[in-house]
Amino acid sequence: MRNVHFIQRIVFCCLVALLLSACGANNNDNAASENEDADGTITLQVMDWSDSVKTIREEFHNQFMEKYPNIKIEYTQLTVDQFKNTILTAVKSGEAPDLFPVPSGMKLETLVTDGWFQPIDPLIDQEFKDMFVEGTFTEGITMNEGQIYAIPEAQTMPHSLVFYNKTLFEEAGLDPENPPETYSEFREAAQKITDAGAGQYYGMIEGGKQNNRWLTTAKEWASMAGAGLNSSSPVNLATGSTDYATEPVNGVFELFENLRDDGSLHPKTMSISAPEARALFGQGQAGFMVQGAWSIGVWNKENPDLDFGVMAPPVPDSGRKGSIPIVSSAPWMGIYAGSDHPEEAALYLEELYGGDYFQAERVSSGDSFSTVKGINEEFVTDENLKDYYDIVQEVGSRIPDPVIRNPETVAVFNEYNDVHPDLGGLLGGVVSKAVDNPEQMLKTYSEQVGVAWTKAIEAAQEKGADIEETDFVFPNWDPLEDYTEEDYAELK
Amino acid sequence: MRTLSKTSTSAVSKKKISNKRRTTLWCWLFILPNLIFYAMFQGWPIIVNWYYSTLDWSGLSSDAVFVGLNNFKELMQDPYFWNAYKNSFVFMAGSVPLMLGLALIAALVFNNPNLKYASIYRTLIFIPVVTTASVVGIIMVYIWGSDGAVNYTLMQIGLLDEPVNWLSDPNLAMMTVILINIWKNLGMNMVYWIAGLQGVPRELYEAARVDGAGHFRTFFSITLPLILPVGAVILLLNVAGSLKVFDLIKTMTDGGPFYATDVVSTYIYRFAFSSEMGLPRLGYAASAGIFFAFTIMIIALIQVLVKRSLNSKKVGGQQ
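Chains as they are written, first to last, in the numbering used here: chain P, 2 to 493; chain Z, 9 to 327.
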């Protein structure tokens, strides 16, 4: 009997100990000690979603750890969606990594208010700040109340340019040096490639499973046709209108409807993601693909025999009436407010942007354009990357940003509830033949966006934001020209 | 002597009570960890979800606003929610009868003691069950793709002239996902049915054989009535499992093309965790979750009531 009592006590004590240890696992002291070994080695945790430069990043980490043997880097790479979910839990539990990017779709001000990030200013010097190209640090984008909280990953480039396979062009009797310019020419070229392919390759391929790819194409191609749309605002910034049932948008929808009916879209288009589509394009299975500059580096590495070129998105047969929207560089990496090692985190940033390796290697690999002065000029050697840059300069223009004009407008974007299905969803629906009356769907969508937008403005005003509907209207904006600081000043 | 006996009886009874208490205590002690984990990972999230459903909140920022039942009101007005709601039931109605029927046939065949290598066949059917649904989903995208094994085979045997987009055609995607779901879960249902079949007393079959009953008569008069209670449990599990399907659809079609396979789980995920512009809407997603859970609860309740009524009729009949 005594034995039974003894066992009872042991079991009870174990259970209590288990519970107590579970409760104590969240203790900050424990977390701190986890990041610092007995020999003084500091573990710096970094998390992001930059899959296209994974190899270069890992090499950078190796070099960093070699240079600073007292710092060990623990790098976690996730997909964008995984990151969003993970970082939310991590911040709430006080266990976020030392360095992580601003999640896509979120405004810096909200995160600073919620205590996600700490200002970088006290940890860096003026020399470091001067290293970046003009416009990198903007109030409301990468800065909050005059302090820097995040650094952009790279220069923001539109990702709706069209890549084309020169070999397939030749096989279809097309001139690789004169890619199509208008919707009609594009449709004809896609059809010719499809015919030449006879089931082996097709006119065009897209990662149709990814709604964001359709959204980018719909907005930016329509913008070139004069729709005044862009990825960072649901309204036409020239007029403040939420009307999507317009000629430029309908034109893009009609083009894809025609491509679908011609059989020019790769049959896998709607069931694959963008990286899968990129891989199939690399294997020569399609003539055209809409992608960002980062694909160049991937194809150079994975498909060295792929002979491809880059071209501007096609425009309506009546000509170009707008530009590809170039938005302010998005905020990326920042230092966690609860980081135990902010100085080391700042050192990491200094090496990432100012060191000899990462920026140069990234740019020369053809991944993207650096925000650091002089790097692009020296290291962009790839012809396609140069072409990409030149085309963006030619057909892209910097659009007005309501947040730069009035930082309080960020409250409206925070209040805005996305409408589902969005423009990208509708375009994907057209391609999959699930939407048979796109014009009507666009009208309904316009109404829904209008309601959501008005609601967001009212909600922001109720919460005390000093904003007006007119803050989102830039009457002096010419969609064919860059919106400059003088233009902002003119509205004041 | 009599007093002594009374005292002794009282002591024995006290001891019995004490032993009973101790046993009860032990039982609770062993259940406790499970209860704690249930409360932490199931009970608490359910309660907190009710609260979240009354908020206009992204789940990412701290500025949650209490909006009462507005989320539910908006949900009721969203045609895409009702589309997802309808699709959840289409998926369930398409999957469950076939899953139950085919699994029963498989169980009857592989429960035959005279069948050689029965355990190997059972294992083969059971393998998909132990494979993670998301892995199955990813592999199936390739197998059912336009240049996948299914199209290749059908073209080789002359059933198709050109490849079919099984997963990207809005008219075929749901059927394809249902078929894969049936294949994936067949093994589990077969095991349930086999457990039911093995509970049927052998003597009844022998008696039926002596009475000259054939296979069909034996099945419909002996086997089926005796395994029906097991069937009711399998039905409940399958209905609940099919209505909350997520991983298979997420990995195979992500609810597409254009919401053709969008079920309530993928609808909730879309609002809770992803947003192309603005922030996600965790509060709204929570209200969709609560509403759908309520539906499942009503279905489960109806099923339990029907089962009870059948059982009571059965007991009445036996009396």
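Errors might be hidden in some of the hints.
No more than 27 Å apart at the CA atoms, straight line, and that leaves these computed lysine-lysine pairs for DSS-like [unchecked claim]: (1) Z:K258 to P:K434; (2) P:K434 to Z:K81; (3) Z:K315 to P:K444; (4) Z:K81 to P:K55; (5) Z:K81 to P:K444.
Derived from the structure by calculation, the hints contain no laboratory data.
**Request:** Decide if the proposed pair is consistent with the structure: K81 of chain Z and K444 of chain P, CA atoms, cutoff 27 Å inclusive.
**Result:** holds (23 Å)
**Message:** Tell me if the straight-line CA distance from K434 of chain P to K81 of chain Z falls inside 27 Å.
**Reply:** violated (31 Å)
**Request:** Below or equal to 27 Å on CA atoms is what counts here, so check K81 of chain Z against K55 of chain P.
**Result:** violated (45 Å)
**Message:** Please verify whether K258 of chain Z and K434 of chain P have alpha carbons no more than 27 Å apart.
**Reply:** holds (20 Å)
**Message:** Hinted pair, alpha-carbon criterion (27 Å max): K315 of chain Z, K444 of chain P. Please report holds or violated.
**Reply:** Distance of about 50 Å is beyond 27 Å: violated.
In this structure, the earlier hints numbered 2, 3, 4 are contradicted, and the remaining ones agree with it.
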